[in-house]
Amino acid sequence: MSIKEPDRRILKHRLVPEHRVLSFEEAVGILKSLGVKPWQLPQISVNDPVVRLLGAKPGDIIEIKRRSPTGGVSIAYRLVVAFERRA
Amino acid sequence: MSFRVERFSEPFVIEKIIFGLLSPQEIRKMAKVTVLRSDIYEADGSPVVGGLRDPHFGAIEPGERCPICGNTREECPGHYGKIELARPVLLPHLGDTIYSLLQATCRRCGKLLLSSERIDYLLRIYRRLKEKWPRLAEVMVNNIVKEASDNKECPHCREKQFDIRYIRPIIFYERKPEGEVRLTPIDIRDRLEKIPDDHVLLLGINPKRARPEWMVLTVLPVPPLAVRPSITLETGLRAEDDLTHALAEIIRQNEKLKSFLTTNAPEGMIEDAWLTLQHVIAAYIDNELPNIYQLTHRRRRPLKTLAQRLKGKEGRLRGNLSGKRVNFSARTVISPDPYISINEVGVPVEIAKILTVQVTVTPHNIEEIKKYILNGPHKWPGATFVYKIRQDRKIDLRYQKNYRQLAEELEPGDIVERHLINGDIVLFNRQPTLHRMSIMGHIVRVMPGKTFRINLLVCPPYNADFDGDEMNLHVLRLEEAQSEARELLLVEKHILTPRYGGPIIGGRQDYISGAYLLTMKTEFYNLDEVSKLVSRSEKPVHLPEPAILKPKPLWTGKQIASLFLPEDLNFIGKSKVNSGLLKCDNEDCLNDSYIVVRSGKLLMGVLDKNAIGAEQPNNLLHIIALEYGESKARELLDSLFRVFIRTLEVKGLTIALNDIEVPVDAMREIEELIAEAKREIEELIRRYNEGSLEPIPGRTLEESLELMIIERLQKLRSNAGEVAIKYLNPFNDIFIMSKTGARGSDVNITQMASMLGQQTIRGKRITRGFRTRTLPHFREGDLSPEARGFIKGNFRNGLRPTELFFHAVAGREGLVDTAVKTSQSGYMQRRLINALQDLVVSYDGTVRDSWNNIVQFKYGEDGVDPSRTYHGKPVDINRVIDIIRARSSEGES
Ligand SMILES: [Mg+2]
Ligand SMILES: [Zn+2]
Ligand SMILES: [Zn+2]
Ligand SMILES: [Zn+2]
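From first to last, the protein sequence lines are chains E and V. Per our numbering, the very first residue in the first sequence carries number 28; after that it's consecutive. Per our numbering, the very first residue in the second sequence carries number 4; after that it's consecutive.
It is possible that part of the hints are untrue.
As the list claims (entries may be wrong) - Quick list of in silico lysine-lysine cross-link-like pairs, DSS-like style, CA-CA up to 27 Å:
#	chain 1	residue 1	chain 2	residue 2
1	V	LYS861	E	LYS84
2	V	LYS604	V	LYS553
3	V	LYS85	V	LYS261
4	V	LYS133	E	LYS84
5	E	LYS92	V	LYS876
To be verified - Computed from the model, here is a short list of chain E residues facing chain V with C-beta under 7 Å:
#	residue
6	TRP66
7	GLN67
8	THR97
9	SER101
Simulated from the structure, these hints should not be mistaken for lab results. Glycine included, C-beta positions come from ideal geometry on N, C-alpha and C.
Chain E extracted, bound-state conformation:
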């Protein structure tokens, strides 16, 4: 694992959608409205460059706003996890 900070410019890249760490209250609200436990969300690695730039920790929930060709803006949530799934 490299210690080097990822390049901040990736946040501006057109292929990288907008990421945001949810506050605890927001996260609880989202989980409640979806009726799921955190681990039932899709996951994202702590080692993901954007996650590292945001300084998110395992257990945080990240909101991703994507531009979708069919749905305009679509919002997805991902749980930050410490361990990556094997490919």
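We have chain E; now place chain V with the ligands onto it with these hints.
Using the frame of chain E, we list chain V with the ligands on its own:
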């Protein structure tokens, strides 16, 4: 509600299944016999004691009492035996797990190659994860294995660790500085034994269920005879199951090894015998492992051992659990019947008398059911069984002659097994079942004959034709299933497909020709003809005022078609014929190639593929199904479309040789085109040979020449086609079919009338055959068009021998392509289905799997059901504008 007469008790519900390994103690405890002898029967035919058919395996013969449990063969569950192995043997299918265990633990002390603090820390996390987030715990394990394996020195005992090399499935080596040393199963078992329970846990294995050393067998369980039954052939000879043969081989090897060990045989012989035992046991578990000697039947057919019973299409999982043979189903050839509804299926009487439905007798249906009983099992509509509930009696009508008495005794509450009758709903399926429209609900219509009959309009969703296709029919026996099928599976519910947002059911071929012939603006019909056509729809209609009043009242075809359209329908769209000479972008078009429907009246434009065709999104049929409902669309398909067919029957549509006959002038013109192209290509070849040809950037000289030649020949073919088409009558029946989209294309016409053109293999000119030429008819190295698969002939005048050969070569490529593609896409389909089958769109619009994990936060990111769209678009702006325009102009007038 109908219910079973046989009553089942359901004392237990399976809550979960846990997989683990059997410990040697467990194996010994459950074994009732130790097998020592590889022969199965004594000379007198009785089973050998201590052999593979020892009576202690359980009772199997009729009347036999089990020496273990005292039951007869009906009650005895069968009992395990065991083989005590002379030396331990690896379980071959666990090789990868053993490999990672060996890598992650110390070769001396057996501990995980991580510091004690790290291990304590990880254990704490692991236990917490396991409790709260079990799936994350799985992920964690992989990372622990990776982390530990990288450590080259034991943090506990400072022992240096060596790399381990694994040759699947059972051979392990350790790479020591002095060279590679083989790890025997004994070495491996010793190491696995030393791993502490806690460390095993961190490696993703529950030590209570599966201690690592149990992956190395010291005693082998022998399954009871129910698992490996022997069969008696007609000759009276006994044939044993493949598993029994494999086990016999294991015993032979094991006994051999045992005797070597007791007689202190040379080390080499012992090693060899041990290795053979490992191979044989590996083959017993999976006879298709790499680097393993296959067990065979007398040197030929490989034995079917444990893994082979489970694996593959015919295996236990795919062959007996996810798919099995079913009752209450029928299969026969299909044939067309345009006069039944698209919702119906014609079922032969013979089949209707075999397939049955259970009905409970009530005061409301008792008279009807009495009639079935009076008819008996052999006369349709009859009944085959009566269950007298009060007397708990089952009566088979085949062996019961007094139907009258049975009918009189019938009382509410009884259950009758009656024949399939008109109006029943059944499932109808054609393989390959590639999308949900491959199984749809049809209403039964019993008819004479031996084939299933379907309306031609449902051919596209099934991808069926009538060249011998067979289809399967499944009877729905429970009311719940029947009503579900009526609401969800009925054919009319599938006119619109979720695949691309368009109608998948609709006209093809003759329906399209018929629609065109009916709605052409040159055609008028007198009252007699109108009646003849319209009567086929079996729908009562009011004829409008005729388009022409004098000298005789005449109606247009468009007026006839309009009779069936929704009254307030507005639609604008281009016809398929709107191309070539009839191309026009103006709505007020004299070519009749712009469809305009106002207030349900077809005012302009012919109906063809773009109006009524299957798989044509945004056509007339699609709009009606989408905006007026599927039952309205079905009404149209069941009425107007019959009129199309009738039109075709009345007018006739046929092709003849002279439809593709090109006059001599045209042939001369084509010859000139050919000569011109040949000249140009000869010039290209000459320049290529002398090296003055300018290559295309990024291509070699040869590639450039080929590309230029192909391009020129393509131009030649299209020019030749244009010439031929110019001279042919544009209103002959071949042109009608190709222009309306009923069948065939301009290319097909060109190939028939004018020129076949270049034949290709993988998009290139044909170069295969002999070393330097395709056929002996040509000079070596000849690059001319005709030597490389160019065909200037056509189907009408016939091909020359070399041309015919090239045509066959290219045709073969097409066949091979389709064969390869279907098998490849079939496998892809299987994997996709397995991955996606239990995803569900929940009520909140999220897509979830069976564990309620979220896969998408909104179905397809937009929450849109594609079958309710205009070819993927939830709103078609042009259509909205169009409707508003139509309505406002209506208001003006
Ligand atoms: Mg066929
Ligand atoms: Zn028994
Ligand atoms: Zn150690
Ligand atoms: Zn025009």
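Would you mind confirming whether the straight-line C-alpha gap from LYS92/E to LYS876/V stays at or under 27 Å? holds, 22 Å
Take a quick look at whether LYS861/V and LYS84/E sit within 27 Å of each other, Cα to Cα. Given pair LYS861/V, LYS84/E holds - Cα atoms ~26 Å apart, limit 27 Å.
Are THR97/E and chain V close enough, Cβ to Cβ, to be under 7 Å, as the hint says? holds, 5 Å
With a cut-off of 27 Å on the C-alpha distance, tell me whether LYS133/V and LYS84/E pass. holds, 20 Å
So if I understand the rule, the pair passes when the alpha-carbon distance is 27 Å or less; does LYS85/V with LYS261/V pass? Holds - the C-alpha atoms of LYS261/V and LYS85/V are around 16 Å apart, at most 27 Å.
Would you check whether GLN67/E satisfies its interface hint, that is, whether its CB is within less than 7 Å of any CB in chain V? holds, 5 Å
Taking the least C-beta to C-beta distance, is TRP66/E closer than 7 Å to chain V? Holds, because the Cβ-Cβ distance from TRP66/E to chain V comes to roughly 4 Å (cut-off 7 Å).
Classify the hint on SER101/E as holds or violated, based on whether any CB of chain V lies nearer than 7 Å to its CB. holds, 4 Å
Distance restraint between LYS604/V and LYS553/V, which requires alpha-carbon spacing of 27 Å or less: Between LYS604/V and LYS553/V the Cα gap is close to 22 Å, so the pair holds against 27 Å.
In the structure shown, no violation is registered for any of the earlier numbered hints.
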